[in-house]
Amino acid sequence: MAQMWGRRQPATVREVHAVLAEDRSIAYTTVLTVLDNLHRKGFLHRAMSGRAWRYEPAVSRAQHTANLMHEALAAATDPTGALAQFVDRMSAEEAAALRALLSEPGPR
Amino acid sequence: MSAVSCVLAYALLVAGCAPRPLTALSVAGRSPRLTIAGWLTAAASVLLAVIAGAVAVAVHPGPVAARAVAALIVVGVVARLGWAAAVTVRAGRATRRRQRHGLRLIGRADAALAVVNVECAEPMVYCLPGRGGLVVVTSGARAALSPPQLAAVLTHERSHLAGRHHLLLTIGYSLARALPIRLFTALAAGVEVQVELRADDVAALRHGKLTVASAIAAMSRRPSPAGALGGGGSTAFARGRRLCATEGRWRTVTGFAAAAVTLVGLATGPYLAVILPVCATHL
Numbered sequence: 093m094a095q096m097w098g099r100r101q102p103a104t105v106r107e108v109h110a111v112l113a114e115d116r117s118i119a120y121t122t123v124l125t126v127l128d129n130l131h132r133k134g135f136l137h138r139a140m141s142g143r144a145w146r147y148e149p150a151v152s153r154a155q156h157t158a159n160l161m162h163e164a165l166a167a168a169t170d171p172t173g174a175l176a177q178f179v180d181r182m183s184a185e186e187a188a189a190l191r192a193l194l195s196e197p198g199p200r
Numbered sequence: 459m460s461a462v463s464c465v466l467a468y469a470l471l472v473a474g475c476a477p478r479p480l481t482a483l484s485v486a487g488r489s490p491r492l493t494i495a496g497w498l499t500a501a502a503s504v505l506l507a508v509i510a511g512a513v514a515v516a517v518h519p520g521p522v523a524a525r526a527v528a529a530l531i532v533v534g535v536v537a538r539l540g541w542a543a544a545v546t547v548r549a550g551r552a553t554r555r556r557q558r559h560g561l562r563l564i565g566r567a568d569a570a571l572a573v574v575n576v577e578c579a580e581p582m583v584y585c586l587p588g589r590g591g592l593v594v595v596t597s598g599a600r601a602a603l604s605p606p607q608l609a610a611v612l613t614h615e616r617s618h619l620a621g622r623h624h625l626l627l628t629i630g631y632s633l634a635r636a637l638p639i640r641l642f643t644a645l646a647a648g649v650e651v652q653v654e655l656r657a658d659d660v661a662a663l664r665h666g667k668l669t670v671a672s673a674i675a676a677m678s679r680r681p682s683p684a685g686a687l688g689g690g691g692s693t694a695f696a697r698g699r700r701l702c703a704t705e706g707r708w709r710t711v712t713g714f715a716a717a718a719v720t721l722v723g724l725a726t727g728p729y730l731a732v733i734l735p736v737c738a739t740h741l
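The listed protein sequences correspond, in order, to chains X and W. Each number in the numbering used here comes from the position in the first sequence (counting from 1) with 92 added on. Each number in the numbering used here comes from the position in the second sequence (counting from 1) with 458 added on.
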């Protein structure tokens, strides 16, 4: 996905494989399978161009991150126990009160 | 039949009366593990009493109508619990799977620490329990926390993973979904909070109470939009205040003793409810 987000234009499997193969030995079929999976999962759009598919990201990296974090925030309050967030919000008064408590000298 | 009536009366008594002292224990926040055990024992106690009583009626020779109703109750309760658990577990797993797949695309994993770093201005730290537990940390959180605070937060999240707290939460939510009586809904909310207190305690043991409290303060930097949450104050503030409080040894011991007594009472309740009337008829 990092590859796909870094591109400005849709790319074919061959183009993506060419770049990835510079860093490590990776089979063309592997790239083909992964791109196809990402498409099936909704992370990539594709359009036929000539005889090959051209892939591009469905959402920007920033949007994807935002969606994911938003889901995590929502999951913290829904009744399935899917994940545990460190802390929820507190009001401005509470935040001030807690800071006051923390700055008080005293035995631990 | 009087033993059965006693057992069912016990179930009603506990379901009706247990929430109040258990909630008081939860609010006091003295021994999270004992409090959680108290909640779960109360729920198990009630369910055991109802099912055992109904099974006894269904099995014992007597009027057919009563036996049929009792059998239906047993099947109904078990089926309802099973359904609620299945729904809760499935929804939780689906969310976690979506998160894992999504994180794999954008997160930078630190395999040695089982931490996934995400570029996001919002300070968030959360854990994904289950197989291959993960802790997710945003860049916003790294910016908001000092190194000791970050270490404390990671310890807190890891204690959720190590303690399998998500299982406790799943039990609570399943019970509340199956039968939204006061005992079960209060249990779900209570266990949710106690699990956070337990994780705070684990982090405090290792990093110091004030470090954890200051981490809570640092992460809550952006206040909630409409003032205090739910009128009762946020959990975050209660947790911070609890960590800042110093309490005498005596209060800790009495809190511990109260929780222990409650636990023992609830665990042995159904048996006493059966044994006492049997003894009474024999005297």
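Since the hints were made in silico from the structure, they are not lab data. Built from N, CA and C at the ideal position, the CB exists for glycine as well. Keep in mind that the hints are not guaranteed to be accurate.
Here are some, though not all, of the chain W residues that point toward chain X, as calculated from beta-carbon distances under 10 Å [to be verified]:
1. ARG556
2. ASP568
3. PRO587
4. GLY588
5. VAL611
6. ALA657
Going down the list of hints, with the structure as the test:
{"no.": "1", "hint": "ARG556", "verdict": "holds (7 Å)"}
{"no.": "2", "hint": "ASP568", "verdict": "violated (17 Å)"}
{"no.": "3", "hint": "PRO587", "verdict": "holds (7 Å)"}
{"no.": "4", "hint": "GLY588", "verdict": "holds (9 Å)"}
{"no.": "5", "hint": "VAL611", "verdict": "holds (5 Å)"}
{"no.": "6", "hint": "ALA657", "verdict": "holds (8 Å)"}
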